[in-house]
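Protein chains: 2
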Amino acid sequence: MELYSYFRSSASFRVRIGLALKGLAFDYRAVHLVRNEQLEPDFEALSPQRLVPLLIDGPHTVSQSLAILEYLDEQHPEPALLPADAPGRARVRSLALDIACEIHPLNNLRVLRYLTQQLGVSEDAKNAWYRHWTENGLLAVERRLARDEATGLYCHGDQPGLADCLLVPQIFNAQRFECQLDAVPTVMRIFEACMALPAFQSAQPSACPDAQ
Amino acid sequence: MELYSYFRSSASFRVRIGLALKGLAFDYRAVHLVRNEQLEPDFEALSPQRLVPLLIDGPHTVSQSLAILEYLDEQHPEPALLPADAPGRARVRSLALDIACEIHPLNNLRVLRYLTQQLGVSEDAKNAWYRHWTENGLLAVERRLARDEATGLYCHGDQPGLADCLLVPQIFNAQRFECQLDAVPTVMRIFEACMALPAFQSAQPSACPDAQ
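Taken in order, these protein sequences are the chains called A and B.
Its first residue numbered 1, the first sequence is counted upward by one per residue in the UniProt record's numbering.
Its first residue numbered 1, the second sequence is counted upward by one per residue in the UniProt record's numbering.
Because the hints were derived from the structure by calculation, they are not lab data.
Nothing false has been slipped in among the hints.
Because identical chains cannot be distinguished in the list, a pair is counted as satisfied if it fits within a single copy or across any two copies.
In silico SDA-like pairs for lysine to any residue, Cα to Cα no more than 25 angstroms straight-line:
hint, residue 1, residue 2
1, 126, 116
2, 22, 202
3, 22, 87
4, 22, 197
5, 126, 212
6, 126, 110
7, 22, 76
8, 126, 111
9, 22, 158
10, 22, 196
11, 126, 108
12, 22, 74
13, 22, 88
Here the structure is a predicted model, which means the values were calculated and not measured.
Looking at chain A on its own, in the form it has when it is part of the complex:
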């Protein structure tokens, strides 16, 4: 398998964690987003959306981090990233989507660029925007995790899974932008538990071949 990735892309980080949890080997293909390598024709031929991550598995090309993680879970079922029961799967997917749809899309590079370049927003206002969506989004995740007995050592029970693959990269981003995380103790407890595991450590940005 080949994974097109950028070390600091949190969507790529999600997939790197999934691959590591399953112990799957892959060739790392770096796409430098800050240098706009995702816009080059060779890459656009593979990825019409011009996005990382992108997984190539033999004849199959899969884009979108959540679709890649579901694909990996179907093709390589052990260890499972999703619970065995439908309500449990719904809970885990919903937690993952709370991050993938409510937090991350507002804070990715091209959105921050639009704010400063097209709308003339100041650096301070841009950073306030970043923190607003991250802190409020994580508070919603905290309210869910803290009040639900399905939460265990990790987001769902005592094995790391799909929701943890999303949670950890979002916390890396939050820390980089100096978000206030005191209000999300359950989130941070789970983050620390994940980061104690080799799979999460090996997938982190600083461990990537293209890390700077």
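Fit chain B to the supplied structure of chain A, relying on the hints for placement.
Quick look at chain B alone, frame taken from chain A:
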């Protein structure tokens, strides 16, 4: 089943389509987002994220439109919203996420409010932002659909499915904000094919009990 919904919420619209395609009856519970009813304590007790749609199915509460659609597909498999093969499922999920993660989150009500109220963005600049993310996001979807023989009458083959549940509400939004759609002929062909079906018609905003 009960569905908490707002007639104009495109995430709610996605789930209404899925329920209609499967012929599942449900009780409609209106949550008026413009009046901020999602912030009331009674609703927050059900939905820690304060978001619609929310599905209640006996003892199970499911949030996030994509998680709800996957849950419905698992609990009520026929007609299927996802293909039978893993690469096909990955393609459909990825198309759905191209809309759910790359377009919609930038254009929902609370984001538009932040632009005008916190950042002091003009109505014109707000509408330009809306059209920018919608038009560029739909162009990426168009490039995928137009070049792939897996595309049929609908996004994937000749039966409507999960990706169509996402595509149609996004086009309703695009038309409401007067986006330029000439550049996405495959998308619009599929939109028209979907809207010829009773399931899509019955789920549309104007058919909802809370339509205004």
